[in-house]
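Please model the complete structure; the sequences and the hints are all you need to start from.
Chains as they are written, first to last, in the working numbering: chain F, 1 to 646; chain V, 1 to 646.
It should be emphasised that the hints constitute simulated quantities derived from the structure, not laboratory data. Among these hints, one or two may not hold up.
Put simply, identical chains are the same to the list, so a pair is met inside one copy or across any two.
[To be verified] Here are the simulated DSS-like cross-link-like pairs (lysine-lysine), alpha carbons at most 27 Å apart as the crow flies:
| # | residue 1 | residue 2 |
| --- | --- | --- |
| 1 | Lys493 | Lys532 |
| 2 | Lys60 | Lys243 |
| 3 | Lys421 | Lys374 |
| 4 | Lys532 | Lys148 |
| 5 | Lys493 | Lys533 |
| 6 | Lys272 | Lys290 |
| 7 | Lys342 | Lys493 |
| 8 | Lys107 | Lys243 |
Read off the chains here:
2 protein chains.
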Amino acid sequence: MVNETQHTCSASSSSRSDGGSSSGSESSKDNSRCSTPVLDADRHERLREKMRRRQDAGDKWFSLEFFPPRTANAAVNLISRFDRMGAGGPLFIDVTWHPAGDPGSDKETSSMIIANTAVNYCGLETILHMTCCNQTKDDITGHLQKAKRLGLKNIMALRGDPAGEEWEEEVDGFNYAVDLVKHIRNEFDDYFDICVAGYPKGHPEAESYEADLRHLKEKVFAGADFIITQLFFRPETFLKFMKDCQAIGITCPIIPGIFPIQGYHSLRQLVKLSKLEVPQEIKDVIEPIKDNDAAIRNYGVELAVSMCRELLDSGMVHGLHFYTLNREVATTEVLKRLGLWKEDPRRPLPWAVSAHPKRRVEDVRPIFWASRPKSYIYRTQEWDDFPNGRWGNSSSPAFGELKDYYLFYLKSKSPREELLKMWGEELTGEESVFEVFTCYITGEPNRNGYKVTCMPWNDDPLATETNLLKDQLEKVNRRGILTINSQPNINGKPSTDPIVGWGPSGGYVFQKAYLEFFTSSEIVTALLKVLKKYELRVNYHIVNVKGQNITNAPDLQPNAVTWGIFPGREIIQPTVVDPVSFLSWKDEAFALWIEQWAKLYEEESPSRMIIQYIHDNYYLVNLVDNDFPLENCLWQVVEDTFELLN
Amino acid sequence: MVNETQHTCSASSSSRSDGGSSSGSESSKDNSRCSTPVLDADRHERLREKMRRRQDAGDKWFSLEFFPPRTANAAVNLISRFDRMGAGGPLFIDVTWHPAGDPGSDKETSSMIIANTAVNYCGLETILHMTCCNQTKDDITGHLQKAKRLGLKNIMALRGDPAGEEWEEEVDGFNYAVDLVKHIRNEFDDYFDICVAGYPKGHPEAESYEADLRHLKEKVFAGADFIITQLFFRPETFLKFMKDCQAIGITCPIIPGIFPIQGYHSLRQLVKLSKLEVPQEIKDVIEPIKDNDAAIRNYGVELAVSMCRELLDSGMVHGLHFYTLNREVATTEVLKRLGLWKEDPRRPLPWAVSAHPKRRVEDVRPIFWASRPKSYIYRTQEWDDFPNGRWGNSSSPAFGELKDYYLFYLKSKSPREELLKMWGEELTGEESVFEVFTCYITGEPNRNGYKVTCMPWNDDPLATETNLLKDQLEKVNRRGILTINSQPNINGKPSTDPIVGWGPSGGYVFQKAYLEFFTSSEIVTALLKVLKKYELRVNYHIVNVKGQNITNAPDLQPNAVTWGIFPGREIIQPTVVDPVSFLSWKDEAFALWIEQWAKLYEEESPSRMIIQYIHDNYYLVNLVDNDFPLENCLWQVVEDTFELLN
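Encoded structure:
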């Protein structure tokens, strides 16, 4: 691509201009010195722009609809579903608005907070539904302001269901979705992208199909950016609807809502709510197998796949919207069969990027939170700006405290009974703790036959990258070097490498070897003697719960441990070992022993006292091998330490 | 080194502190997020701290004294002497104050401006002398304010010579150096490091040696940080003086002033001025050889070396101060024989760092000014802050214009006649220009038997690093690809590499291959066709004097082309190819054709018209090969271009 530009930049150059138009007086505020390094256009584009870009590129996409959960436990599960389904690469997700569930509140289960979590903690582009019926303008404005404050950028504007049976228009109130669209545009200008609902068969309460189309046109002309349709059962229903829309001048994107049938009862309920009729040919298949969930789901998947294929093949459809009913299997299956599920979407950075607009420029984080990105986001949510390019001497605003609410994110996904099975009903000494760590690394069942699939510091099984270090990790954990974070050294692998790659293609990624672990003061004493031999090569930070801190980091400077070199870019260095943040991380890392593990046991019980002893007496250690082109020496450091102890 | 720190950083961490003293409430302003990357303590320390550190480390050092020149030409020469002698690694240089020469003025030859040049453009720690005799407090304050504004940080406080023969103390005026010391401390607190003069034989006007020692003590107690002595001829003179000083309580560093005898007449003049007596044993040697300059200089070197050795061996002397008389040979010879001259001092960054305090954090620059660092410093002197860590999208303040005064730095060191011999008395066409470029690269004499040792874009012969590319450069220059800047690709060489290394030891340095040249529009047309094949690998910027600009740089982002990875540090990326600055550089690069070359010839002469034609019609091109681990493809790009043209 050749851009021929006539003095595009003359504004920022006061030097002689021997000709050329000096038109470009574009303000430089938007691209100030510290906001370069963004790797993916995705982080800067609005949803409607992303949609347009994907359409222009002939790149098909999908989106996923969820409803808010009823309990805090269900919320934890839904969030991990967001992570798993987010990995498939949806263009966005949306969260429905439940007027009965206090949807704008700060409850963990409210629509507002679930959408907030999706955007900020899961990094998903998110649409928050909002209904206007029976609400005052002030209520609505309050909700919208809050949504904006939380970093939400997209609203699905709906009427909602009237409260009583005999609903009447309120003068000056919100009677239709179009009123809400107008209100958003009046009060918030172009800040939000607005989506509205379309009814391929016409809204059940509309006078006629044609009248409903005219209402839809009003909503679009009032400022909606795109349309998502109600579910339908036959592709031709949607295609006719789309042509009819276009015929009356609706030109914005219209996204078909897909409902993979997942069970007899959920279908019946949905049909009842939406006042749709299930076509006879579907009823004929379903009725005979109505008690066989698996059979119905298989049929539902088949049906959805064939309908989606027909829609995509029509050339009129660029994206598909899935009504998931908060379930994973059927939708994922349909997407995989359609080839829309991206098993390993390219990572713009080696950690999960938040979708909050304030964090757009963020491109460097301490490595400590690698397995706890949500915690990092939570604890830094009050920061006014985020490090980019360079972490710098850590004069960053303080990390958030470990408050009660925070424990929501401190909570394990697994219930107590399961944790006890994994981590031991009864501990007999420090060695039983070593065993738990070792089983987590090896993936082998523990002495009671249970696999250890998570740890207080890591909700998920071992990362593929960490698997590269498995044998060595096993050896050291057995002997009481209790590892919680590590990465191998990498000397210039392609940025497209399936395991360690990140960033745009054509680049090279690098890493310094990193190892972080808890260990006893006896081992620390030996380790410090050994480290003297490695003084120029290995940087270390060793700290106990009281904050006693031993380090050889020069001037408390951060050490870049992951970086990438890309065509036509400055260097990106997304993870650092920062001595100052390490002290905030240590509070969290030590707290997890107590909050997640010790508290599984009765007070005063031996098991609890063992964990408490470790918490009180062990050190948290991190080691960096600076000599990334050579073989990782950290295993030798540990080996030497054990030898010294023998 | 193990630093055991109790919660050093608890100030910037609001997390739970389960104990440990939270003493460290040190303000974080001084080490704000954007000021990390400094590689050498040198850039942050004051002169007196550097002195102390070197002394503590048992690291001997030297310093050099110069006087201001009389003419602008001599100033150009003196500045290049600063560069050459600066390469030997002096701890500082000092510039004398010549009351007769308008020393505080803005003249290129004033003491003030020469010291300014040494600090800002040559990156040398510098002491400016200042005399107070016959001056008002306002005059002095004005000079000091100006010095501070220019980034000077050290003052040698002297009385100076009274104007008339019969000098009398002025009431309320500056009568002695001690008055100046007090004045500086009163008005500027601790901003300046202050040096005062010591007289090993006592000041010639002092009542007695003892009285003079008391005066010296007064100066030190008034706030002087160290002492430089007048010259002397016997080591025992200095050592006795030093002991006498210590005996009366003078504990600051005392630096012996060394005067290598360089000629009969200069010695006589100096002796007359300083009212010193040359010892008989020296007179006995010199008188018989007084007309043999070389013999006297050899003797002077011998004498200085043996005296210096004796001083250093005494264990009382850590640094030596040389009175150079603005000459190089003798002092350099003495230093080399003493082993104090550092042939290749470690480079903190791959370009010459300015010593101005404002530029302390600067650690990234565009590559374009690689051979013209003084010009870059001049054109950016008005910037309020300097890029560090990341260049960023170039919203940097504007580059300074190419004004008249600037031509002082645009001026070649060589006189017109010499330039004509190198670049051609008479040009016969573009080919004769190609020849000049080719001879500069090869180092071979041109057709008239003269070597081309400089070019308008480069005052010095080819850099060692560029020599690595010599054969290829020769080939392409012969055919009209007129190269002015280039670097090879480097995939991780040790930071101590003698040719491409920089920064602290234990690191690795990297480069992307870079090539910058002028060439005809015919070649540019072919080149653009060839570049299509290299679209993803090679970034290019092509611009003519009118500012017509062709590039494939994404979003006008800078491309890092030199970077280094060091133990315990963030990544350093000191040079970038910045599309926006390139347009400011292009003005300068094109202007040099006219200012330095075309103007050598008569107006309307064919030679001048040839250079003018090139200036008006050629393009300035830069190419970056992003694939630094592979073989540099830029030569293939050029080869393909020539092939396409054939």
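Outcome of the hint check:
{"no.": "1", "hint": "Lys493 x Lys532", "verdict": "between (31 Å within a copy, 26 Å between copies)"}
{"no.": "2", "hint": "Lys60 x Lys243", "verdict": "within (20 Å within a copy, 87 Å between copies)"}
{"no.": "3", "hint": "Lys421 x Lys374", "verdict": "within (26 Å within a copy, 70 Å between copies)"}
{"no.": "4", "hint": "Lys532 x Lys148", "verdict": "neither (53 Å within a copy, 44 Å between copies)"}
{"no.": "5", "hint": "Lys493 x Lys533", "verdict": "between (30 Å within a copy, 24 Å between copies)"}
{"no.": "6", "hint": "Lys272 x Lys290", "verdict": "within (17 Å within a copy, 118 Å between copies)"}
{"no.": "7", "hint": "Lys342 x Lys493", "verdict": "within (22 Å within a copy, 38 Å between copies)"}
{"no.": "8", "hint": "Lys107 x Lys243", "verdict": "neither (42 Å within a copy, 79 Å between copies)"}
Hint violations for this structure: numbers 4 and 8, all remaining hints satisfied.
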